[in-house]
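Q: So the chains spell out like this:
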Amino acid sequence: MAGGFTKSDIGGLLAKQGILIAFVIFMIGFTVANERFLAPENIMGVVRSSAILGVMALGVTFVVISGNLDLSVGSMMSFSTIVVLDLHDKIGPELAIPAMFAMTLCLGAFIGFLVGYLKLNSLIVTLGMLSAIHGLTLTYSGGKNMDIANKGETWFAVFGQGSFLGIPVPILIFGLLAALLGMVLGKTPFGRKVYAVGGNGVAATFSGIPRARVVFTCYLLSSLCVATAGLIQASRSMGSQNTVGQGLELEVLAAVILGGASLLGGSGTIFKTIIGVLILGFIQNGLLLVGLQFYAQYVVTWVIIILAVWLDIAAKRGRLLSPIA
Amino acid sequence: MKLRNILVATTAIAAASIAGSAAAADKMKIGITQNNVGVDSYQTTYDKSFKEAVEANDNVEAVVLDAGGDVARQIAQIEDLIQQQVQAIIIWPTNGEAVIPAVRKAHKAGIPVIVTNSNIAEAGFEFVKSFSGPDNITQGSRSAEIMCDKFKEMGIETTAQVVQISGQPGYTTAIERQKGFDDRLPEVCPDVTIVETQPGDWNREKSQKVMEAFLVKYDKIDGVYSGDDNMGVGALNAAKAAGRDGIIFVGATNFAVGYEAMEKGEYWGSIYQSPVDDAKAALKTAIDVLEGKELPFLNYFDTPKITQDNMSDFTKPVF
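Quick mapping for you: the protein sequence lines, in order, are chains U and A. Here this note's numbering is used: position 107 in the first sequence is 107, and no number is missing along the way. Here this note's numbering is used: position 142 in the second sequence is 142, and no number is missing along the way.
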């Protein structure tokens with residue numbers, strides 16, 4: 001059968017890439033509805049504004065595969081954004097950026113310690129941190145919006161607004177980080193340990209995998225991604241309110257799950273998460289372009305997500321309905 | 001002799017304590033429960049200004065509370081204030097509907113209720129003594145007038161196309177500003193069309209996304225009206241990134257970022273609404289009610305138009 005596809009090859013492809021097929025179908029649908037949807041500047045715009053969500057989703061993918069949740073990323077992103085904006089005017093961007101990364105990594109390390117070493121439930125820990133970090137941000141800023149005073153006189157804008165060889169910098173950062181973390185997850189011993197810990201924690205422990213340290217590192221990676229997202233966000237708008245990341249934790253989680261990562265841990269890939277992020281970004285943009293009445297958009301967004309998940313599952317089992325009624 | 005001394009002493013103490021409590025009773029005791037201090041600069045500044053206004057007035061003492069955006073907590077706070085027997089209660093509603101039963105309770109306890117900043121639903125009006133705050137419908141109309149005047153000056157009032165970025169869906173301020181703008185624009189500039197309205201949720205990043213989509217969808221956009229300057233600046237960023245010049249941006253609630261963009265000539269105008277005025281107006285309304293003055297039910301404080309032409313008359317907003 002050299003050169004040809006057998007039925008089981010196609011079946012295998014469908015099963016592996018169900019979510020990709022769903023993605024293509026939605027893209028075609030939106031293009032039919034508005035021919036501007038596929039215009040290069042629109043595609044570029046959507047990918048650029050999805051980059052912030054995407055960068056955060058990369059880190060959360062690690063956490064979810066390791067069998068945990070991270071609901072604190074939204075308020076942690078607000079924290080990073082506010083801190084870097086505030087420090088920018090006080091100590092200059094060269095110092096503000098590493099200082100912000102250090103502070104955000106401390107938060108990630110703290111969560112990683114609680115979930116990894118103390119074995120506390122990640123839902124409880126990160127849900128609590130969601131409001132704790134929000135409070136921290138408000139205390140830090142006194143509730144005020146942060147703005148860079150001289151927006152025209154700083155190179156800080158490069159991360160959110162610059163472009164290199166015609167590609168916006170946020171997309172480059174997202175791409176590079178995705179390639180790097182994709183490699184870490186797919187090709188390194190650490191990556192295999194993440195799957196092992198999430199797939200069967202007890203078995204992993206008995207195989208001599210340091211479970212606590214793996215979980216800790218996943219949260220550290222997640223906070224690294226959040227700090228990067230905060231940097232892009234701050235640089236993109238050069239000013240921010242305290243609630244800039246509010247609600248993003250659920251969008252991030254939706255993107256990761258949409259990409260096919262299991263909430264129970266042990267499965268998922270960086271590539272699929274990227275598809276999940278793009279689906280969410282293009283749905284939001286597509287519905288705006290179609291000009292749907294906005295109260296209806298919430299409902300339609302939900303319908304599309306459910307359809308995508310259904311298509312993915314149907315492709316995996318090779319039939320639309322569950323074999324077990 | 002000894003007995004007389006004791007008598008004199010006790011009488012003096014009693015007299016002093018009566019005088020003391022009389023002095024305390026002379027002070028008006030006003031309670032306030034705010035919506036969500038710290039969530040944005042407007043509310044933070046309001047809180048600070050209210051406390052300062054109380055400090056500055058020797059006749060007033062205040063119990064200042066914050067509901068943290070939580071309706072249940074606000075209802076509990078109103079009940080607390082009733083228990084503490086304050087003489088008037090000022091409420092910045094977290095939710096226009098859900099607070100009505102608590103407002104009714106205060107009204108029944110004989111405590112006048114003043115609503116500040118955003119009004120409660122009409123069903124609760126009978127329990128409210130006075131509303132003090134901005135007139136959001138007028139603000140929307142004024143924004144429409146600012147935009148129309150500018151279009152006339154540019155000579156494009158017959159062809160201009162406008163997009164609108166509204167506040168959070170379901171939020172009274174958002175609905176009223178949009179209504180004011182939608183109703184007034186066709187009256188002053190009948191040939192200008194509002195091609196589309198989408199919410200920016202009071203969020204700069206979201207508004208930037210919405211504007212990016214508008215810019216892709218419409219080749220011709222002459223004006224953008226945003227429900228506040230924070231969102232307006234998000235839209236402005238999108239237009240700048242796309243290299244689309246010459247768009248007239250009009251907002252509401254002039255923020256420092258909006259003021260700065262006006263200084264640079266990138267943003268045309270807004271509505272000047274000061275949280276300091278808002279807080280002072282609320283306290284003054286409560287004092288006027290307690291002093292028995294006749295007040296209109298809707299006691300608006302003025303929120304004037306601000307554009308690049310007259311901005312030197314206004315100080316830069318602190319938020």
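Keep in mind the hints are simulated off the structure, nothing from the lab. Backbone N, C-alpha and C define an ideal beta-carbon position, used for all residues, glycine too. Any given hint might turn out to be false.
To be verified - If you want a taste of the chain U side facing chain A, the calculated C-beta under 7 Å gives, among others:
# : residue
1 : R36
2 : L138
3 : K144
4 : S237
5 : Q241
Q: With reference to the structure, classify each hint as holding or not holding.
A: Evaluation of the provided hints:
1. R36: Result: holds, 5 Å to nearest chain A Cβ.
2. L138: With a minimum Cβ separation of about 5 Å from chain A (threshold 7 Å), the hint on L138(U) holds.
3. K144: 5 Å, holds
4. S237: 5 Å, holds
5. Q241: 6 Å, holds
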